[in-house]
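Number of protein chains: 2
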Amino acid sequence: MNGAYSLVKTLLASGVDTCFANPGTSEMHFVAALDQIPGMKCVLGLQENIVTGMADGYFRIARKPACTLLHCGPGLANGMANLHNARRARSGIVNIVGDQATYHRPFDAPLTADTEGMAHTVSQWVRTSTRSADLGRDAAEAIRAARVFPGQVSTLILPADVSWNEGGVVGEPVDAPVPPPVDANAIDKAARTLRSHGVDTLILLAGPAALSEAQVLAWRVGQATGATIMADYVTSHLARGRGRLQLERVPYGMEQATTALARFKHIILVNSRPPVGFFGYPGLPSTQYAPDTQLHVLSRPDQDPVEALQGLVQVLNAPHVSMPDPGPRPDPAVGAPSPEGLAQTVAALMPDNSIVSDESISYGRGFYSFTHAAPANDWLHLAGGAIGDGLPVATGAAIGAQKQRRVISLQADGSAMYSLQSLWTQAREQLPVTTIILNNSKYNILIGEYKSVGAVPGDTAMSMLDLGNPSLNWVSLANGMGVEAARATTLEECADLMKASFGRQAPFVIELMV
Amino acid sequence: MNGAYSLVKTLLASGVDTCFANPGTSEMHFVAALDQIPGMKCVLGLQENIVTGMADGYFRIARKPACTLLHCGPGLANGMANLHNARRARSGIVNIVGDQATYHRPFDAPLTADTEGMAHTVSQWVRTSTRSADLGRDAAEAIRAARVFPGQVSTLILPADVSWNEGGVVGEPVDAPVPPPVDANAIDKAARTLRSHGVDTLILLAGPAALSEAQVLAWRVGQATGATIMADYVTSHLARGRGRLQLERVPYGMEQATTALARFKHIILVNSRPPVGFFGYPGLPSTQYAPDTQLHVLSRPDQDPVEALQGLVQVLNAPHVSMPDPGPRPDPAVGAPSPEGLAQTVAALMPDNSIVSDESISYGRGFYSFTHAAPANDWLHLAGGAIGDGLPVATGAAIGAQKQRRVISLQADGSAMYSLQSLWTQAREQLPVTTIILNNSKYNILIGEYKSVGAVPGDTAMSMLDLGNPSLNWVSLANGMGVEAARATTLEECADLMKASFGRQAPFVIELMV
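Residue numbers (the numbering used here), protein chains in the order written: chain U, 1 to 514; chain P, 1 to 514.
There could be a bad hint or two in this list.
Each pair may be met inside one copy or between any two copies, as identical chains are not told apart.
The list that follows gives simulated cross-link-like pairs (lysine to aspartate or glutamate, DMTMM-like), each with its CA atoms no further than 20 Å apart [as the list claims (entries may be wrong)]:
# : residue 1 : residue 2
1 : Lys64     : Asp17
2 : Lys41     : Asp466
3 : Lys41     : Asp459
4 : Lys442    : Glu429
5 : Lys9      : Asp459
6 : Lys189    : Glu340
7 : Lys451    : Asp466
It should be emphasised that the hints constitute simulated quantities derived from the structure, not laboratory data.
For reference, chain U alone in the conformation it holds in the complex (with noise of 0.2 Å):
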């Protein structure tokens, strides 16, 4: 068996069944292992950032590993931003980059790059096999370092004599690792404080911790001490909705987190990092808590948090309690597009168990508070801050969840043309997904940004932060991918367009004029 055979054989044989695939020329003997030998499910994207951040959306609600297969290293580049979001979201990928034939490697040809430099910027392990027979023995340990606790970016870079040569050797299934045991000290610790002060303590979820496991063990630990529960700001996957917590995500502004954060005497980090600005500031800290603020960590992010807060509620003795209510769901909001009414409309009419892929930038900063009544969900975010990840996220989620769960995509138009590229594989692979495209047609965001600089933007600035000349065509583009679409000015258009996409087996683009 040649060496792409083995390569094949070793991702099936850990459950790595789903392949985001870029192909090129140094790939072919790859791509017909993948053809010849049963069980890979391959996904299309026409830009390679669409198939590193399906990978990304994919792992998120699958909760495992998928594959992907790049071409050199201009390719990898191509997919780095959202290998950035995804290493970021701690998403574990098995990113598999197709390269020169080892021996033609020194003649420099043009697509030759330095790709391992390329890809240990984005990568917890890197590893190029240089041998067949190495081959499978080198793709299981990239899934074991992609299922590293919760997972992470793992890159095997595959020359092309590599695989066609002959002599794999299929690698052995790989189990996830174990993650490292949280601190029995870093448990007491927590719960001394919690006890002394906790009415002054703020339990700051991450990662896992954001999940639904989690939230009800530090729901009882908030109950048993009055601490205040919250979530990272860059908290990749939240479980939302009824019966889920109420949760709050720290504010994205330096002032508003500064607010949040400053009656707090302590942190407790479960899965999460100190808070800390997106950016600097003149003459403001880097840090979002209060200098004397005490920072406590239960758990890391490669730690268990669930173990750690089961720790936590055995050592207060924290007792059952049921989880919050929300209230009643709302009913769908009328009249002209607000952030407030798309987000009531969002969480009147949302299927039960769907998914949101939220990229809405500025527009979204208020959506939670009007959310929390919707059905339970899981409400996806941008971990790495490198726009371009919601389109591609929620086609990687709705493949993840074997289009059996409606995924919502609120996207921002700006964001949004870095990955368009993604609506084609939403139409090919006939996934459930609804776009909702906030056409505000400007860089909102950096608009704000710019305002705070202290200036007002001229012309030549507005020509960087402006999208309205041309206005961009939603519809159009989305029909030119395939994918049927429609324009809402109001917020009864909205929900009515909502309502049809929400029962069709298809993608659906709403774009709508904010």
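Given the coordinates of chain U, work out where chain P should sit on it, guided by the hints.
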């Protein structure tokens, strides 16, 4: 003056007066300086690979570097594929990447990345400026590096606080460095080879050796010695049409290239590199010339080919000769679209002094022989093999020509989807670009490569190679970005649309169903 002001003034002082941009929060002080200091033309691209590809196209036509404005590591990553192409094309770009404030970087905020590590993979020169007082000097060195003959990618990383802090000092204006002189021994050796073995010798041109001045000299050498003249396959820019050589490029395919080069006992490299395959293939060599062919370097890619060829003309005492006549200009072709017919129609109709951006991939391999009798034109190619440069290079070239020349973009559909956002910038800037999308609904080059693996593609392979489900509609896509468009199914329709678009100072897309 703050650092950002000193940066803009340094750029302008050295004639860098065009900025291709996609800014983010950390660049707002730079944007403010661009806004408040007159003289810089700022052009927005809706994704960074558009921005960097435009800078490449601009350089090829304006023959001087533009600067870019990118946002943090992931923004750089998005633009890296076209920086790779620009590096291979030896285009000069002052690539400016905003980044986290120096003191904020250790907090590892979400967008923090290994910006320098990324930059090194696609740049010949990289520096992070760390003090406002140094920024002007650093920018001047970046400009100098970008102007190293014939051009380089220099990346200047700009932390936000280096922009906003006071103490900026404008850098001295920068002259282009003089290229290293051509070795007289290399000229003598080439002359001896040509005198003894002229008819068995190939003069292989690349880089600036494929432009008019060098062509005239190469032709004199060829006529005096019987040597053949060709261009490297990956030449980024050829002077073509009436008054220029009827050059052919070394073919793309390994077998065709090997056949074309087999008879040459000597190859004289004029800014070209030894011809090697784009990829390695099982059982085939990496090099395309015969095993006993002797290679002679007349001028390296960083040397002046005009100086080298002038020296050769002198030593050989090669007489003045008129350039070869390409024969009569063809008439437009009619009937069903074919590569030959399209090339003939383009040659028949293109305005004088047009620019052709050719990313036609497999469809366009035979375009040359049907376009020698076109009017004089500049013909631009993908030099680095990373698909998706055709549309942004066309866009930047139109700006480099100050909108005074018609740009014809011959564009494969699969590659077009990598950077379709370029069309929006063409509409925003009202650029005279006529794009002909070659809609064959597949990655045709890969289907050919797959067959050479020796296999018939099955359903899974075709799911990664076929673009026909759903079909892309390029009229809708173009309209969605504010560009007028129409579909052509015959060459007559294509010719009518071309003629109409050539008369208008605006972009137009022709979707040619091939």
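To see whether the hints hold, each was checked on the structure:
Taking CA atoms no more than 20 Å apart as the test, Lys64 paired with Asp17 passes inside one copy only; the shortest distance there is 10 Å, against 49 Å between copies. Taking the shortest alpha-carbon separations for Lys41 and Asp466, only the inter-copy value of 16 Å comes in at or below 20 Å, while the best intra-copy value is 40 Å. In the homo-oligomer, the alpha carbons of Lys41 and Asp459 lie at most 20 Å apart only across protomers (11 Å), although the nearest pairing inside one protomer, at 49 Å, exceeds that limit. Taking the shortest Cα distances, Lys442 and Glu429 sit within 20 Å of each other only across copies (17 Å), while inside one copy they are farther apart (31 Å).
Only between protomers do Lys9 and Asp459 lie at most 20 Å apart by alpha-carbon distance; the minimum there is 19 Å, versus 58 Å within a single protomer. In this assembly of identical chains, Lys189 and Glu340 lie within 20 Å of each other by CA distance neither inside one copy nor across copies; the values are 40 Å within and 78 Å between. Taking the shortest alpha-carbon separations for Lys451 and Asp466, only the intra-copy value of 14 Å comes in at or below 20 Å, while the best inter-copy value is 47 Å.
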